[in-house]
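**Q** Spelled out, the chains give:
Number of protein chains: 2
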Amino acid sequence: MSIGPANVSERAQQPPVLAISTVIFALRPDPGHGAPTLWLPLVRRTRQPFKDLWALPGGPLSAAESLQDAAARTLQETTGLQPSYHEQLYAFGGLDRSPAQRVVSIAYWALVRPDEAALARETENVGWFRADGLERLAFDHNQIVDYALWRLRNKVEYGSIAYDLLGPKFTLAQVREVYEAVLGRKLDPANFRRHLRATPDIEETDEYLQGGRHRPPRLYRYTGAAAQRNNGPLSQSG
Amino acid sequence: MSIGPANVSERAQQPPVLAISTVIFALRPDPGHGAPTLWLPLVRRTRQPFKDLWALPGGPLSAAESLQDAAARTLQETTGLQPSYHEQLYAFGGLDRSPAQRVVSIAYWALVRPDEAALARETENVGWFRADGLERLAFDHNQIVDYALWRLRNKVEYGSIAYDLLGPKFTLAQVREVYEAVLGRKLDPANFRRHLRATPDIEETDEYLQGGRHRPPRLYRYTGAAAQRNNGPLSQSG
Numbered sequence: 001m002s003i004g005p006a007n008v009s010e011r012a013q014q015p016p017v018l019a020i021s022t023v024i025f026a027l028r029p030d031p032g033h034g035a036p037t038l039w040l041p042l043v044r045r046t047r048q049p050f051k052d053l054w055a056l057p058g059g060p061l062s063a064a065e066s067l068q069d070a071a072a073r074t075l076q077e078t079t080g081l082q083p084s085y086h087e088q089l090y091a092f093g094g095l096d097r098s099p100a101q102r103v104v105s106i107a108y109w110a111l112v113r114p115d116e117a118a119l120a121r122e123t124e125n126v127g128w129f130r131a132d133g134l135e136r137l138a139f140d141h142n143q144i145v146d147y148a149l150w151r152l153r154n155k156v157e158y159g160s161i162a163y164d165l166l167g168p169k170f171t172l173a174q175v176r177e178v179y180e181a182v183l184g185r186k187l188d189p190a191n192f193r194r195h196l197r198a199t200p201d202i203e204e205t206d207e208y209l210q211g212g213r214h215r216p217p218r219l220y221r222y223t224g225a226a227a228q229r230n231n232g233p234l235s236q237s238g
Numbered sequence: 001m002s003i004g005p006a007n008v009s010e011r012a013q014q015p016p017v018l019a020i021s022t023v024i025f026a027l028r029p030d031p032g033h034g035a036p037t038l039w040l041p042l043v044r045r046t047r048q049p050f051k052d053l054w055a056l057p058g059g060p061l062s063a064a065e066s067l068q069d070a071a072a073r074t075l076q077e078t079t080g081l082q083p084s085y086h087e088q089l090y091a092f093g094g095l096d097r098s099p100a101q102r103v104v105s106i107a108y109w110a111l112v113r114p115d116e117a118a119l120a121r122e123t124e125n126v127g128w129f130r131a132d133g134l135e136r137l138a139f140d141h142n143q144i145v146d147y148a149l150w151r152l153r154n155k156v157e158y159g160s161i162a163y164d165l166l167g168p169k170f171t172l173a174q175v176r177e178v179y180e181a182v183l184g185r186k187l188d189p190a191n192f193r194r195h196l197r198a199t200p201d202i203e204e205t206d207e208y209l210q211g212g213r214h215r216p217p218r219l220y221r222y223t224g225a226a227a228q229r230n231n232g233p234l235s236q237s238g
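Keeping their order, the protein sequence lines are chains H and B. Numbering follows the UniProt record's numbering, with no gaps: position 170 of the first sequence is 170. Numbering follows the UniProt record's numbering, with no gaps: position 83 of the second sequence is 83.
Derived from the structure by calculation, the hints contain no laboratory data. C-beta atoms are modelled at their ideal positions from N, C-alpha and C, and glycine is treated no differently. Be aware that one or more of the hints could be misleading.
Restricting the straight-line Cα-Cα distance to at most 30 Å, the calculated cross-link-like pairs of lysine-lysine (DSBU-like) are [claimed, not checked]:
hint, chain 1, residue 1, chain 2, residue 2
1, H, LYS169, H, LYS155
2, B, LYS169, B, LYS186
3, B, LYS186, B, LYS155
4, B, LYS155, H, LYS155
5, B, LYS155, B, LYS169
6, H, LYS155, H, LYS186
7, B, LYS155, H, LYS186
8, B, LYS186, H, LYS155
9, H, LYS169, H, LYS186
Facing chain H, from chain B, some residues (calculated, C-beta under 8 Å) [to be verified]:
hint, residue
10, PRO15
11, VAL17
12, LEU61
13, TYR90
14, GLY94
15, ARG97
16, VAL103
To spell it out: a stretch of chain H is covered by chain B in this simulated footprint if at least three of its residues, at any positions, have a beta carbon under 8 Å from a beta carbon of chain B; those stretches are [unchecked claim]:
hint, segment
17, 101 to 115
18, 209 to 220
Work out the full structure, taking the sequences as your base and the hints as a guide.
**A** In structure tokens:
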């Protein structure tokens, strides 16, 4: 979209508008092979600009709401869900990201557990999509999703964020499936089990996965501190 | 500072204002023992709120300037310096961080090499301070500095950002001094040399540190990709 000179000078006189956008990831089974894959909810735009394109949940920041509260509200309104992990991602403030006015979007990202994600609302204007291979989204939302995926991959490789995509108890194979879904490649099961057993942050339970197998796999539990995964001195604040 | 009811309702009707703040770190010798320590430049407030307190360089975001450009401009105006590393830190948007109006500050942080930092302007209203043990700053700027320090410590421990605080050539002891200044503790020199020699990202030069010692130490050079240190898919954009 090109912007004429009149429009440019008009924009230059208006202060930038602040908005919140939220990238919400959850694991859902691939409809074909059934393995867990990364999905996210999107909202269909019902007006211009970008009418009928899908966009990240969000909206303008109101004067009386903290950034964190506004992000939590958009997540709740879109999906009805409480996230297991919720963190500020980045402020996107390019000059041309919105055609009519200058909008600076502070993006948040959230992880939702699969048992929660299964309960998520899906309506005519709210849909869940696979995170890889998205169509063209409104504004610069493809770039925001790409950046959130990059952060998620980093956090999974160097942190213990994988457990925020799982329920409270899980098998070692389920942890591997999270890594595979996030990193987009298969991992060697024996190596991965060995690596995982050596980490101090998970412990065996006395329970086994239900489901009538001959040798049901053991369930484990995450015991690491949630604070380690988060934003250091900002973990407790908005 | 307490805000009366009239003030609250007035604030609730005004959209939040956007500002940029920049935390700029450089190494400077400790005036006592001479070892490199972390310093940052601050600007004295010449009007209310927080008149006469020191604050981070920054100011309101103008409509025609990208976030990155606004951050680079405040850095240039305050110190006259070009940073070796410059990255978005976090958006601070608490409701009560500024008494008169709601201000959301997008904070950036930058690293400046010591040869550059030595050239930095110091005036009546711009001073350099040690990053540890700051007095009470304006707004929530102590919290912003604490968070930038936390990010810097993380990046030094898990990345190769230490080289952004050094000149193009350096001794292994100078790298250790960066780590010691950032982490705030002494490291074992022999272990550290061994660890550093094993990293693929630095290489020997044929030069030695000038200065008339009997056995002058060898100079090294950083050869890793700058992009690895940066913000992944956002390294090239604003």
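**Q** Does each hint fit the structure? Answer for all of them.
**A** Evaluated hints:
1. H/LYS169 / H/LYS155: holds, 21 Å
2. B/LYS169 / B/LYS186: holds, 22 Å
3. B/LYS186 / B/LYS155: holds, 18 Å
4. B/LYS155 / H/LYS155: OK: B/LYS155 and H/LYS155 at ~13 Å, within 30 Å.
5. B/LYS155 / B/LYS169: holds, 21 Å
6. H/LYS155 / H/LYS186: holds, 18 Å
7. B/LYS155 / H/LYS186: Distance ~28 Å between B/LYS155 and H/LYS186 Cα, so the pair holds.
8. B/LYS186 / H/LYS155: Answer holds: B/LYS186 to H/LYS155 is near 28 Å, not above 30 Å.
9. H/LYS169 / H/LYS186: holds, 22 Å
10. PRO15: holds, 6 Å
11. VAL17: Holds. Min distance 7 Å.
12. LEU61: holds, 6 Å
13. TYR90: holds, 6 Å
14. GLY94: holds, 6 Å
15. ARG97: violated, 10 Å
16. VAL103: Constraint on B/VAL103 not satisfied, violated at 11 Å.
17. 101 to 115: holds (count 3)
18. 209 to 220: violated (count 0)
Hint check: violations occur at hints 15, 16, 18; the rest are consistent with the structure.
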